[in-house]
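Visitor: Could you slot chain E with the ligand onto chain A? The hints should help.
For the protein sequence lines, the chains are A and E, in the order given.
Under my numbering, think of the first position of the first sequence as 1, with each following residue one higher.
Under my numbering, think of the first position of the second sequence as 1, with each following residue one higher.
Any given hint could be a false lead.
Okay, derived cross-link-like pairs now, DMTMM-like style, lysine to aspartate or glutamate, Cα gap no bigger than 20 Å in a straight line [stated by the list, open to error]:
| no. | chain 1 | residue 1 | chain 2 | residue 2 |
| --- | --- | --- | --- | --- |
| 1 | E | Lys14 | E | Glu78 |
| 2 | E | Lys2 | A | Asp132 |
| 3 | E | Lys124 | E | Asp5 |
| 4 | E | Lys126 | A | Asp132 |
| 5 | E | Lys19 | E | Glu78 |
| 6 | A | Lys283 | A | Glu309 |
| 7 | A | Lys156 | E | Glu78 |
| 8 | A | Lys283 | A | Glu371 |
| 9 | E | Lys31 | A | Asp132 |
| 10 | E | Lys19 | E | Glu46 |
| 11 | A | Lys276 | A | Asp286 |
| 12 | A | Lys356 | A | Glu35 |
| 13 | A | Lys13 | A | Glu32 |
| 14 | E | Lys124 | A | Asp132 |
| 15 | A | Lys258 | E | Glu78 |
| 16 | A | Lys258 | E | Glu81 |
| 17 | A | Lys363 | A | Asp325 |
| 18 | A | Lys258 | E | Asp80 |
| 19 | A | Lys13 | A | Glu36 |
| 20 | A | Lys156 | E | Glu97 |
| 21 | E | Lys14 | E | Glu135 |
Going by beta-carbon spacing under 7 Å, a handful of chain E positions derived as facing chain A [as the list claims (entries may be wrong)]:
| no. | residue |
| --- | --- |
| 22 | Phe3 |
| 23 | Gly87 |
| 24 | Gln101 |
A few chain A residues that don't get close to chain E, going by computed Cβ distances all over 12 Å [what the hints assert, rightly or not]:
| no. | residue |
| --- | --- |
| 25 | Met1 |
| 26 | Glu36 |
| 27 | Leu41 |
| 28 | Arg178 |
| 29 | Ala181 |
| 30 | Pro184 |
| 31 | Leu201 |
| 32 | Ile232 |
| 33 | Glu309 |
| 34 | Lys356 |
| 35 | Gly360 |
These are calculated hints, taken from the structure and not from any lab test.
Just so you know, even glycine gets a beta-carbon here, dropped at the ideal spot from N, CA and C.
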Amino acid sequence: MRDVAVLGVGMTKFGKHPDKSLVDLFAEAFFEAFEESNIELKDIQALYYGNFVGEMTDGSGNLSGFMADEIGLRGIPAIRYEGACASSSVAFREAVRAVAAGYYDIVAVGGSERLYTAGTEIGTRALATAVDGVYEITAGLTFPGVFALAARLYSKAYEIPLEELREMMAMVSVKNHRYGAINPKAQFYGKLGNLKVEDVLNSRMISSPLTLLDCCPMTDGGSAAIIAAADIAEDLVDTPVYVRGTGQSSAGGLFRQKGDIIRAIPRRKSSQMAFKEANMTPKDIDFVEIHDCFTIAEIIATEAMGFFEYGQGCYAVRDGVTSIDGDLPVNPDGGLIGKGHPVGATGVSQVYSVVKQLRGEFKENPVRDAETAMTDTLGGDFGTLVNIILSIHRR
Amino acid sequence: MKFVDFFNALLGGKLIGQKCGDCGSYTCPPKATCDNCGSRNLEEVEMSGKGRIMTFTTTYVAPAGYSEEAPYTVAMVELDEGPWIVGRIDLPVEEIERLGQALVGARVSVYGREYPTEPFYPNKEKRVVPMFRLESER
Ligand SMILES: [Zn+2]
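Just chain A, same shape as in the assembly (with noise of 0.2 Å):
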């Protein structure tokens, strides 16, 4: 297998665009990940595109063919890839296993979705197409529900009084708002930057024990980034971020997955996978841009990761050991819920913010000297996890 890197990222401003179709939030992203990948349109060999919900939203599926023929790719092989909100983490880990084994060079790979413009009730609607068709969904399973269930188990199995608990998942809205306050593709750029706990605690409640600001916002956006084969990015772009690792998991529905939930079992294989495919372990990891839905989830994924021991995630971010000046600064581009959520999108513009840190391009927030950095992605509920090491240093 070759070795693979990025050679450009790019992301619109994540948000309200009523104004711009997912073709245009799209493009949008492409040519900023295009410009400085020092490439010709026609280098482009293939395009790997993620979309949830398009059908839902706005009324569109058969996606990838316009996507690729509005930018100019005419005729190249474009497929979707749909992974609920990991789709665009899914059609990324393709992308480079396609360009790792030699079948392509050179590929494109991206999302975009439109759910804030969407409304709440179809946005709600389109998101729960995740869970369990038959057996969820009829009792009106929703995604914020999915989280307040494993809240709940979570508070059960660690023996953490429920109000306890719902504490520090406050703590991590308000440190991501923090975040994404001062991000300017966030969706919060410039507000929520002083959250306090009792902010979160105190908003409307969306799905008990879950509050509106324990939540994800309901966003659209598009991302996109450019990748090659290692020996032909070094000769195109000063600062190659290597791809180090990929792993991807699936799972049944939660009821299948039972107690399990809050131990995240196919986020455990899927980063296990990554990290063995790296040669690395958790401490090689200077920071994570993961996949916090809602509050409790970033919990659930630093444990299930391996960063933390099961139960103990909620005490790390109390303790600030994932702040931005702590030991794993998660999420210093805001997260989910500060910079947004455009699912399709989300996995791509994760990579996005890893490669700007990686490059010291990341100005508004930067993590001290990091060189190696981990994206989480997480579609349904944890049907398909999907977990990429990205580095500074080729093996």
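Guide: Coordinates of chain E with the ligand only, in the frame set by chain A:
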């Protein structure tokens, strides 16, 4: 097994599952292979319909198609035979809020309630929700 049969049986007061002829464990709702060992040597059986609440959430913001039912309380129940199922606790929201986390562990029995279907639900005639009734305290 068809998913519609599972819900129709529930409306008729029966919770249908499968018992594995190889490992002896139960799978519910039914699926093509044993949820424990992957065997296809499965026998359809009627479950006890009793279990305990493992976790729950009251949903105030519902998806399109479910808004008129909100707020409602979704729960996961561990059946006495081992499987977990998703349904709703049939108590008023005020009662749920009063009981709070103390509901975790409470004994329940399962029955089915019919609701109108919605455009994206696989059964275009009706939607059946597994309902959890708290077993009366002594
Ligand atoms: Zn079995």
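Visitor: Work down the list of hints and note, for each, if the structure agrees.
Guide: These are the hints, each one checked on the structure:
Among the hinted pairs, Lys14(E) with Glu78(E) is consistent with the structure: their alpha-carbon atoms are about 17 Å apart, no more than 20 Å. The straight-line distance between the Cα atoms of Lys2(E) and Asp132(A) is roughly 15 Å, inside the 20 Å bound, and the hint therefore holds. The hinted pair formed by Lys124(E) and Asp5(E) meets the criterion: a straight-line CA distance of about 14 Å does not exceed 20 Å. Restraint check: the Cα-Cα separation between Lys126(E) and Asp132(A) comes to about 17 Å, which is no more than 20 Å; the hinted pair holds.
With a CA separation close to 16 Å, the supplied pair Lys19(E) and Glu78(E) stays within the 20 Å bound. Restraint check: the Cα-Cα separation between Lys283(A) and Glu309(A) comes to about 14 Å, which is no more than 20 Å; the hinted pair holds. Straight-line distance between C-alpha atoms of Lys156(A) and Glu78(E) comes to about 15 Å, which keeps the hinted pair within the 20 Å bound. Proposed proximity of Lys283(A) and Glu371(A) is supported: the alpha carbons are some 12 Å apart, at most 20 Å.
With a C-alpha separation of about 13 Å, the suggested pair Lys31(E) and Asp132(A) falls inside the 20 Å cut-off, and the hint holds. Distance hint between Lys19(E) and Glu46(E) is fulfilled; the C-alpha atoms sit about 9 Å from each other, no more than 20 Å. Pair hint Lys276(A) plus Asp286(A) holds up; C-alpha atoms about 17 Å apart against a cutoff of 20 Å. Simply put, Lys356(A) and Glu35(A) have alpha-carbon atoms about 15 Å apart, close enough for the 20 Å limit, and the pair holds.
Taking the CA atoms of Lys13(A) and Glu32(A), the gap is about 12 Å. The hint holds against a cut of 20 Å. For the hint pairing Lys124(E) with Asp132(A), the CA-to-CA distance comes to about 17 Å; that is within 20 Å, so the pair holds. At roughly 8 Å between alpha-carbon atoms, Lys258(A) and Glu78(E) fall within 20 Å of each other, so this suggested pair holds. For the given pair, Lys258(A) sits about 13 Å from Glu81(E) by alpha-carbon distance, which is consistent with the 20 Å threshold.
At most 20 Å may separate the alpha-carbon atoms for a hinted pair to count; Lys363(A) and Asp325(A) meet this at roughly 15 Å. Proposed proximity of Lys258(A) and Asp80(E) is supported: the alpha carbons are some 14 Å apart, at most 20 Å. Among the hinted pairs, Lys13(A) with Glu36(A) is consistent with the structure: their alpha-carbon atoms are about 18 Å apart, no more than 20 Å. A threshold of 20 Å between alpha carbons decides the hint, and for Lys156(A) with Glu97(E) the separation of about 17 Å falls inside it, so the pair holds.
Restraint check for Lys14(E) and Glu135(E): satisfied, since their Cα atoms lie roughly 17 Å apart, inside the 20 Å limit. Interface restraint check for Phe3(E): the shortest CB-CB distance to chain A comes to about 5 Å, inside 7 Å, so the restraint holds. Here the hint on Gly87(E) is kept, as its CB sits about 5 Å from the closest CB of chain A, short of 7 Å. Given the 7 Å rule on beta carbons, the hint for Gln101(E) holds: about 5 Å separates it from the nearest Cβ of chain A.
Interface exclusion of Met1(A) from chain E stands, the closest Cβ pair being 31 Å apart, more than 12 Å. Separation of Glu36(A) from chain E is adequate, the least Cβ-Cβ distance of about 39 Å exceeding the 12 Å criterion. Residue placement check: Leu41(A) keeps its beta carbon more than 12 Å from all beta carbons of chain E (closest about 38 Å). No Cβ of chain E comes within 12 Å of the Cβ of Arg178(A); the nearest lies about 25 Å off, and the non-interface call holds.
Every Cβ of chain E is farther than 12 Å from the Cβ of Ala181(A); the closest lies at roughly 24 Å, confirming the non-interface assignment. Taking the minimum C-beta to C-beta distance to chain E, about 29 Å, the non-interface status of Pro184(A) holds against the 12 Å cut. Interface exclusion of Leu201(A) from chain E stands, the closest Cβ pair being 15 Å apart, more than 12 Å. Here Ile232(A) stays apart from chain E, with its beta-carbon at least about 44 Å from theirs, past the 12 Å limit.
Look at Glu309(A): its CB is around 21 Å from the nearest CB on chain E, clear of 12 Å, so calling it non-interface holds up. Distance check for Lys356(A) against chain E: the nearest CB is about 34 Å away, which clears 12 Å, and the non-interface claim stands. Non-interface status of Gly360(A) relative to chain E is upheld: no Cβ of that chain comes within 12 Å, the nearest being about 41 Å off.
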